[in-house]
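Chemist: In order, the protein sequence lines correspond to chains A and B.
So the first sequence is residues 1 to 778, counted in full-length UniProt numbering.
So the second sequence is residues 1 to 115, counted in full-length UniProt numbering.
Source of the hints: derived by calculation from the structure; they are not laboratory data.
Just so you know, even glycine gets a beta-carbon here, dropped at the ideal spot from N, CA and C.
Hints are not guaranteed to be accurate.
Stated by the list, open to error - Below, computed lysine-lysine pairings styled on PhoX-like, alpha-carbon distance capped at 20 Å:
no., chain 1, residue 1, chain 2, residue 2
1, B, Lys28, A, Lys302
2, A, Lys745, A, Lys724
3, A, Lys669, A, Lys653
4, A, Lys721, A, Lys708
5, B, Lys7, A, Lys708
6, A, Lys708, A, Lys720
7, B, Lys28, B, Lys82
8, A, Lys708, A, Lys724
9, B, Lys82, A, Lys299
10, A, Lys720, A, Lys634
11, B, Lys82, A, Lys293
12, A, Lys622, A, Lys708
13, B, Lys85, A, Lys622
14, A, Lys745, A, Lys622
15, A, Lys622, A, Lys634
As the list claims (entries may be wrong) - Just some of the chain A residues that point at chain B, by a computed CB distance under 7 Å:
no., residue
16, Ser111
17, Leu112
18, Val251
19, Val262
20, Met300
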Amino acid sequence: MAALESPQPAATATAMRHAFGNVLSVLILVLIGVLAFSIRLFSVIKYESVIHEFDPYFNYRVTQFLSKNGIYEFWNWFDDRTWYPLGRVIGGTVYPGLTLTAGTIWWFLNSLNIPLSVETVCVFTAPVFSAFASWATYLLTQEVKGSGAGLAAAVLLAMVPSYISRSVAGSYDNEAVAIFALIFTFYLYIKTLNTGSLFYATLNALAYFYMVCSWGGYTFIINLIPMHVLLCIVTGRYSPRLYIAYAPLVVLGTLLAALVPVVGFNAVLTSEHFASFLVFIIIHVVALVYYIKGILTPKMFKVAVTLVVSIGMVVCFIVVAILVALVASSPTGGWSGRSLSLLDPTYASKYIPIIASVSEHQPPTWPSYFMDINVLAFLVPAGIIACFSPLSDSSSFVVLYIVMSVYFSGVMVRLMLVLAPAACIMSGIALSQAFDVFTGSIKYQLGRSSNSTDDAEDTNNAPKDDASAGKTDKGEEIVKERSSKKGKKKEREPADKPSVKSKAKKKALVLPLETSIVALLLLIMLGAFYVIHCVWAAAEAYSAPSIVLTSQSRDGLHVFDDFRESYAWLSHNTDVDDKVASWWDYGYQTTAMANRTVIVDNNTWNNTHIATVGTAMSSPEKAAWEIFNSLDVKYVLVVFGGLIGYPSDDINKFLWMVRIGGGVFPHIKEADYLRDGQYRINSEATPTMLNCLMYKLSYYRFVETDGKGYDRVRRTEIGKKHFKLTHFEEVFTSHHWMVRIYKLKPARNRIRGRAKKLKSKTTSAGWSSKSEKKNPWV
Amino acid sequence: MVKSTTKDAQDLFHSLRSAYVATPTNLKIIDLYVCFAVFTALIQVAYMALVGSFPFNSFLSGVLSCIGTAVLAVCLRIQVNKENKEFKDLAPERAFADFVLCNLVLHLVIINFLG
């Protein structure tokens, strides 16, 4: 690529071009950062600067606590306002990375006398870190394929809808920081692999530590890197740099992971980490073999091999037998429930209904791939092929990364997020190669048409012209559907740096001018469609804060702010120590906004406690009152969407309550609530369904709204319309009937009629209520 | 059969030994350090097997610090070894500085985890 004649002018020209390229790259990166930040601001513009969803409210509450009380209090915090009466050890069960990051930013800004509130810092943490993540993608892809591919990958990541969905302004969740940590850790690993420098290995371990602090998905890193090392060893690419990249990471990384209280000794005891130890041993064996091979003669080496193999086999068998015995002694083989449900997708639905009930844990549908990574779905295969020519350690790593992440994203829709950076890297590589080919062809063709034959030397700068025949890449298929003029076939991505020496070969490696121009235009149009889709997805699909709902009607925009209205009511009209029972979805929001103690929340760590609440919701009034009274509950909160048509209300979630409750208390049977296998709440519903607490609390006085009790979500009239509540009284219903709060009636002092033993017999059947002749409560 | 195997083993041992004697002194010092670290780790494991593994974090940090310095010393040896063509541009002082830095981080973590 350097000029052939090397007097001063040409050398300075090259240096100038380099300098110009660098400045341009920096400018582009700054713009990419601004783009990544601003595309995530739609929800702030459309609604307000508010924290979204459910989990971010918990993180926000923890950050508030941290900012008020300092880090030692945070580290040792035992929270008694949730999971009453069990409480929760926050210090030991939360991934501290996100809260510590936001807390540090808040503290730093306040020490500079910039008085941002904690909420503002929390809301805008995610967009800021997504800008960092695009820069990290640039660095990573630059290590693999050069800065052109890096810039393309960075701009793709800044806008990819899958990442936007978890990092809008307001989505203050672990992934906001963790994806940046993931990409940065991979970048440092590749950098260490390419340079063999121990300094980068140290940085790699520290970045891995930050990743462990931030997200449970760090197990992806600690399994992907060993897999890659194994792949390199098996394909014969072992080198000392590989050892330097891997071995310190394992030792330092395990120690650092064990430092985080959430992980603790799981770093050495659970199966998620065993792969790293196994490959650690393997790489030492391989290193020793290479070393001995280096110092021995080939004949002696053969002797060594036969000796060692025979002894080594015996030792190996013993060790493997011990390991297998250890692992098989634990019922899940040492894996945690969530990891096991990744490896065996049917595991959760059979054994742990809570994991199966979360909608994020379902497998994704095909349309969600196109929604979430759009055009990149076409470009990824092209990128994979580009990585194979030539295959280096780093490009084999990104290929392995994309293959693994495609598998995991197919298991759980939440993990589409891990696929997004890989897809962006691959597509960036593909796009960059395509642009190289086309622009190179154009340059060469223009150069050839304006000069004569000696240009063959001058067009050294078009070295990447290398295509077998006139084919286009898959990305243009969607455009082809609209412009089906050119009959082009699929293109294989060009091989890299071809030999510039042979003129004849070069002539065959260049595309015709018109083809290149048209292909370039089509690629740019492809990019335009991608941008349009991303902006649409960010604005319409992923910016809903889900705590405030809106709908367009003929009279304009309707805002449904019922959730915050009810939490405010709770915080103003109840005592500080009152306990509120609701389904676990609303636990975090209740503790954060209403500041009341809850029974179960989104952490879902105690299945039996959740099953107790589920059983209470599925039982008739008296039994439910008994259960709630034993938990000191004062208020019960249900979410009801029947008046306005809000589909994620508790009646739609009710079957999960039945299943989870029935998993622990066998007298709750799902079949009792279904008529002919169908879930109904109208007149054909089963009596168990019509008498259960959830039905009664949702539809109490509902018939007064329109006279017929028409439920807009289920689209029928309700079954039991006129009934009274005997053990609960309604204290609050929000403006659109979305949240309804009931108070437990206190126990009667005197019992009319025959005195009955009110002690509930707690047999293993749980809360079985015997049929009574007289109801002492009426 | 056994005799030829023993003879092979002896030949192997001799050739290994003669090849190793030829390595430069600084590399031999590093190798000695690695052996010392691994030996210390083995002693700790034996002690744990005798006495029990409580407190586990102390055991972990002790063993991992030995293994950690051993690994880092091996990395140093790789970088300083003149026969490695990949690292001929790397000054041995820089390699040693990286080694010291990584050890500092390792031991900071160890002290924190020791409990």
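Chemist: Hints first: check each against the structure and report whether it holds.
Modeler: Against the structure, the hints:
no. : hint                  : in the structure
1   : Lys28(B) - Lys302(A)  : violated (25 Å)
2   : Lys745(A) - Lys724(A) : holds (13 Å)
3   : Lys669(A) - Lys653(A) : holds (16 Å)
4   : Lys721(A) - Lys708(A) : holds (8 Å)
5   : Lys7(B) - Lys708(A)   : violated (99 Å)
6   : Lys708(A) - Lys720(A) : holds (11 Å)
7   : Lys28(B) - Lys82(B)   : holds (13 Å)
8   : Lys708(A) - Lys724(A) : holds (17 Å)
9   : Lys82(B) - Lys299(A)  : violated (25 Å)
10  : Lys720(A) - Lys634(A) : violated (26 Å)
11  : Lys82(B) - Lys293(A)  : holds (17 Å)
12  : Lys622(A) - Lys708(A) : violated (27 Å)
13  : Lys85(B) - Lys622(A)  : violated (81 Å)
14  : Lys745(A) - Lys622(A) : holds (11 Å)
15  : Lys622(A) - Lys634(A) : holds (15 Å)
16  : Ser111                : violated (25 Å)
17  : Leu112                : violated (28 Å)
18  : Val251                : holds (4 Å)
19  : Val262                : violated (15 Å)
20  : Met300                : holds (5 Å)
Going down the numbered hints, you'll see the structure goes against 1, 5, 9, 10, 12, 13, 16, 17, 19, while the others check out.
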